[in-house]
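Trainee: The lines below spell out each chain.
Number of protein chains: 2
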Amino acid sequence: MDIGALLTSAGINIAICVVLLSLYSILRKQPSNVSVYFTRRFVSEPVKRSDPFCLERFVPSASWIMRAWQATDEEILAVGGVDAVVFMRIVVFSIRIFSIAAMICIFLVLPVNYYGQEMQHKRIHAESLEVFTIGNVKEGSKWLWTHCLALYVISCSACVLLYFEYKSITKMRLAHITGSPPNPSHFTVLVRGIPWSPDHSYSDAVEKFFSTYYPASYVSHQMVYRAGTVEKLMKDAEKMYRMLKTVEPHGKQGSMPCCLCGGTTHSFKMLSHEAESVKGKTSVDELQSTQREKERPAAFVFFRTRYAAVVAAQVLQSPNPMLWVTQLAPEPHDVYWSNLSIPYKQVWLRKIATLLGAIVFMFMFLVPVTFVQGLTQLDQLSHTFPFLKGILKEKLMNQLVTGYLPSVILILFLYAVPPTMMLFSTMEGNVSRSERKRSTCIKVLYFTIWNVFFVNVLSGSIIRQLSVFSSVRDIPTQLAKAVPTQATFFTTYVLSSGWASLSCEVIQLFALLCNAFRKFILRSKEEPSNCTLTFPHHTEIPRLLLFGLLGFTCSVMAPLILPFVLVYFFLAFLVYRNQILHVYVSKYECGGQFWPIVHNTTIFSLVLTQIIALGVFGIKQSPVASGFTIPLIFFTLLFNEYCRQRFSPVFKSSPAQVSIRNLSI
Amino acid sequence: MDIGALLTSAGINIAICVVLLSLYSILRKQPSNVSVYFTRRFVSEPVKRSDPFCLERFVPSASWIMRAWQATDEEILAVGGVDAVVFMRIVVFSIRIFSIAAMICIFLVLPVNYYGQEMQHKRIHAESLEVFTIGNVKEGSKWLWTHCLALYVISCSACVLLYFEYKSITKMRLAHITGSPPNPSHFTVLVRGIPWSPDHSYSDAVEKFFSTYYPASYVSHQMVYRAGTVEKLMKDAEKMYRMLKTVEPHGKQGSMPCCLCGGTTHSFKMLSHEAESVKGKTSVDELQSTQREKERPAAFVFFRTRYAAVVAAQVLQSPNPMLWVTQLAPEPHDVYWSNLSIPYKQVWLRKIATLLGAIVFMFMFLVPVTFVQGLTQLDQLSHTFPFLKGILKEKLMNQLVTGYLPSVILILFLYAVPPTMMLFSTMEGNVSRSERKRSTCIKVLYFTIWNVFFVNVLSGSIIRQLSVFSSVRDIPTQLAKAVPTQATFFTTYVLSSGWASLSCEVIQLFALLCNAFRKFILRSKEEPSNCTLTFPHHTEIPRLLLFGLLGFTCSVMAPLILPFVLVYFFLAFLVYRNQILHVYVSKYECGGQFWPIVHNTTIFSLVLTQIIALGVFGIKQSPVASGFTIPLIFFTLLFNEYCRQRFSPVFKSSPAQVSIRNLSI
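Just so you know, the protein sequences line up as chains U and X, in that order.
In terms of our numbering, the first sequence opens at residue 1 and continues consecutively.
In terms of our numbering, the second sequence opens at residue 1 and continues consecutively.
Rather than coming from a laboratory, the hints here were simulated on the basis of the structure.
Accuracy of the hints is not assured; some may be wrong.
Because identical chains cannot be distinguished in the list, a pair is counted as satisfied if it fits within a single copy or across any two copies.
As the list claims (entries may be wrong) - In silico lysine to aspartate or glutamate, EDC-like type, Cα no more than 16 Å apart, as pairs:
| hint | residue 1 | residue 2 |
| --- | --- | --- |
| 1 | K587 | E435 |
| 2 | K587 | E331 |
| 3 | K351 | E641 |
| 4 | K345 | E641 |
Hey, can you work out the whole structure from these sequences and the hints?
Mentor: Right, here's the structure in full:
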């Protein structure tokens with residue numbers, strides 16, 4: 001691939017982005033799309049304003065960009081909670097570090113690469129991209145210290161930035177714990193693994209246990225009940241009722257006859273009330289005997305003070321660690337009710353099973369990725385399918401296939417991943433939605449890094465022989481050989497997948513189509529009230545981190561990727577701010593618990609970059625540069641360990657000092 | 001090596017053992033050795049009984065064996081505490097599992113190995129030991145299912161036994177927590193990382209913090225003070241005084257003039273009192289200003305109830321996890337005072353540094369081990385040193401060098417290891433002796449397993465090419481090739497190192513020589529009162545576990561090792577019981593916290609055995625046996641995970657239920 005092809009690819013992508021963003025700026029002005037693009041405002045005041053028809057509505061404008069740019073961090077915090085701010089911090093951190101990296105790499109490393117070998121340079125746009133990578137530097141070159149210096153600058157500034165980010169996010173988390181308005185969940189502990197005894201019910205056991213061991217602070221408790229078949233039917237009915245209600249509004253009769261629920265709306269409503277009571281809102285008196293049978297070995301226990309709840313959640317309760325397992329209760333919106341009744345004894349087994357399932361899924365995914373990889377190596381492809389030879393000889397076609405098609409295919413396949421991983425995390429037995437999301441986030445992250453980065457890097461020639469798994473010591477060398485040559489693919493990946501995904505994110509294609517379908521096919525006048533979305537951390541954080549990883553690993557090796565990564569993050573900054581401000585509604589939050597994942601992944605990216613650099617310096621026979629890289633790896637790991645000691649315990653359990661100081665009643 | 005050589009080696013070792021044990025049975029009857037062999041009784045009533053001189057004193061007897069055999073577990077518990085019982089459980093577990101292994105391997109596997117190949121069998125005592133290993137089985141043999149079956153039986157029974165041991169030891173630990181007599185340390189929490197402020201002293205900070213956050217349960221606290229130069233001098237003087245006191249007893253003047261402390265004994269005593277006061281026994285009033293300067297950021301905090309102490313120790317105190325770090329205080333005898341003043345901020349760094357130090361030490365040790373390994377390969381040796389050829393041609397010499405010398409050299413080198421590791425663990429910053437011992441135990445264990453097992457297995461031909469580190473996938477195959485051939489060495493190692501170490505343990509050579517030196521050279525009449533030993537868990541547990549590992553890994557491959565391992569454990573049963581009953585004094589204990597180490601190591605041994613078997617089955621081209629081994633590995637790991645979930649939390653922190661039920665005042 002040469003500069004020309006890269007520019008073609010960039011051109012296509014810029015065009016697509018501009019078109020989509022303009023389209024967005026028009027679509028958002030249409031009153032019919034308020035429920036799609038202003039969900040947040042729409043939920044709080046679902047009044048339909050019919051603006052007068054005017055030309056302005058059909059002219060693209062950049063006002064939303066200004067709005068997103070001007071929003072302050074406080075505004076984001078107020079609107080999206082700590083998690084939204086943490087998400088924006090990832091973007092800001094990436095912009096900062098890649099600005100530094102771009103400065104040093106483009107002005108120092110790129111010239112060294114370009115003039116690395118005594119060769120006849122072609123005209124710039126016909127120059128192969130390889131000329132700009134470290135592969136062009138002579139073996140034993142004395143200029144490799146520039147790469148080593150760049151590596152040092154990037155690593156050190158990344159560590160410094162990471163430290164301050166971690167510090168400020170820890171502070172934000174603590175402020176969130178102390179500052180958030182008093183909430184029943186702060187005083188509540190979720191108990192699982194209540195031991196069964198034939199003499200008394202689970203409820204009696206909880207009562208007895210906590211009034212014995214926490215006599216001063218125990219207030220009461222609420223058992224979790226099993227949802228039987230009838231409850232499930234009622235739930236389905238309730239769901240259907242709600243769905244129908246959106247089509248046929250409660251007040252008006254007519255416009256579209258509904259034979260299923262004509263006149264029975266009231267009975268549906270009663271049922272739905274009853275269904276809610278199953279989740280613990282009515283008194284336990286009625287249906288005493290059956291309810292006892294329906295009790296599950298899990299309960300919410302309420303304490304007098306917040307501190308007592310924190311203590312009860314952190315202390316090991318029973319000599320059998322599988323019984324009386326306590327944790328702070330999630331917020332009411334955050335509870336994932338159907339997992340509460342999973343016996344705690346199963347949880348560890350479920351975790352292992354889903355882990356294995358996720359790993360198998362990861363490796364199964366090799367098939368499409370290997371196919372995609374094949375597309376970038378056109379010679380082989382036209383060798384295998386001779387009929388393609390004619391098509392591939394055309395220049396534009398060639399550029400399109402090498403520069404664009406692989407990424408598109410990969411993206412389409414990747415869309416199936418988050419729902420699968422979410423399913424795994426549900427089966428894992430997480431009791432809260434935020435926990436499930438975090439678990440999904442980690443799974444998707446591993447998946448993305450493995451399948452986009454490693455498989456692409458290693459599949460070139462190695463995975464076919466399956467010898468990569470047998471050599472540990474050669475990994476740096478193998479990576480060092482593979483990464484610079486794969487830099488082209490990664491650059492196009494950032495271009496296509498990165499930029500396009502942001503355009504898709506802002507335009508909310510799926511919600512838009514649904515809305516259009518409802519408006520123009522079902523001809524519903526009433527706006528739907530329950531289709532709010534929470535921010536999809538589990539897909540967006542891995543995506544940001546993947547581009548961070550690509551940026552880091554290619555920075556010193558193939559600096560040409562950096563401008564594209566930077567543009568991606570700038571665009572991400574605007575798009576995600578806009579989305580947080582207008583689209584997503586945060587029903588629950590986990591108080592910044594995503595940051596440790598981000599921190600660890602960034603450290604991983606840094607160390608991987610350093611290991612690859614070590615391999616490259618080895619290949620280029622520069623013992624000095626290699627010698628300087630080894631302590632850098634060591635100090636990066638040491639820094640990570642320090643942060644783990646200094647900050648991460650606060651993200652696992654809330655400190656007593658904080659919970660006592662502000663919120664003991 | 002053939003059966004004859006093995007029997008020679010066994011003969012030598014049996015002879016040595018019998019001689020040493022007989023010598024022991026004589027020596028222990030001498031009244032002058034009471035302080036060596038009956039330290040426990042001697043400490044409680046240091047009266048010198050002069051038995052009448054009779055012939056019986058010089059006749060070897062087996063009465064101590066009977067005594068050790070008849071002692072009950074309750075007696076051991078009363079005398080040595082939980083740790084001693086846990087230690088004996090390791091021996092009992094090993095005896096049980098290796099009895100089962102010996103039964104199945106000798107009656108089922110051994111004949112299959114012996115008749116594995118159609119060959120002319122020599123007379124039994126000239127038969128090479130290789131004939132009895134799995135190496136003698138034909139490739140693709142249909143009899144390999146016996147090995148697979150034996151592996152299944154051994155793994156399953158080991159898991160079942162491990163489960164019940166873990167269960168009973170957990171119960172014992174809980175009984176120890178609730179049942180031990182009330183002790184100030186139960187109500188005490190050790191706080192480290194007290195933040196420094198210019199306004200008030202550390203003591204004020206502690207006072208303020210705990211009376212704010214634990215107003216109901218906080219009683220008082222005691223700061224830790226820095227030992228200055230003067231204190232250190234005083235300490236040395238105190239030590240010297242004690243040493244001199246043993247030579248020149250307090251009551252009698254004369255017999256040996258001591259110009260250093262004639263008449264100053266009293267002042268020494270006074271000083272020693274003052275030295276103790278530094279560790280916190282006098283009131284803080286005197287020397288107020290200097291003491292404030294000497295305060296270290298660590299303190300013991302006393303609580304009203306045991307439960308409050310448990311809570312304060314388990315809950316995260318401060319938003320900065322490096323400050324106000326709490327843990328349950330160790331028992332007074334257990335506290336390692338000089339490490340208390342290490343700033344908590346350093347601890348994580350010290351841990352990493354000592355870990356790296358220990359790893360470097362482990363690899364430095366390769367040098368002597370490689371030399372030892374060379375001795376078992378005589379051809380190479382006589383090739384390198386031609387002058388040895390003459391000596392080595394003699395048969396006895398040959399047998400001695402191959403069968404005995406390597407082990408002896410290895411043992412001598414290994415004696416230097418525990419003190420080094422203890423030094424590392426001291427530098428690590430452990431605040432209690434038991435914690436330090438546990439940390440040393442783990443280090444010595446890794447060291448032993450690496451240097452005795454892996455290096456010997458892998459050094460044969462592989463380590464020289466250093467290619468072993470580069471191949472992950474081939475490890476099972478490499479191990480499978482190496483272990484059966486190294487079985488001979490391991491058998492002789494069990495014979496020489498194992499049996500001899502037990503004889504040395506029972507005879508307490510060092511203490512005996514010291515005693516003789518004091519009695520006959522210094523001519524001291526007074527018995528020393530402060531030379532009691534605590535049980536050296538950190539050397540003995542790794543030794544037992546190493547022999548367990550050798551037994552497991554060789555069991556299916558080379559079953560001939562099993563009788564020797566069994567004899568070792570039987571002997572260990574008698575010797576260690578005797579030592580616990582008579583010699584060692586337990587000043588402090590850690591309540592069975594060694595067991596998780598033992599459990600994990602045994603699981604590691606099992607999985608290693610299974611991996612090696614997998615490799616062997618692969619080499620022998622038996623897909624069925626390999627196929628059955630893989631689920632076995634998986635289920636063993638699953639079992640381990642279950643035990644980790646079910647039992648290990650109790651070994652990390654004490655459960656609230658237990659600490660409330662019995663000992664809240």
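Trainee: Run every hint past the structure and note whether it holds.
Mentor: Hint check:
no. : hint         : verdict
1   : K587 to E435 : within (14 Å within a copy, 46 Å between copies)
2   : K587 to E331 : within (9 Å within a copy, 49 Å between copies)
3   : K351 to E641 : between (26 Å within a copy, 11 Å between copies)
4   : K345 to E641 : between (32 Å within a copy, 12 Å between copies)
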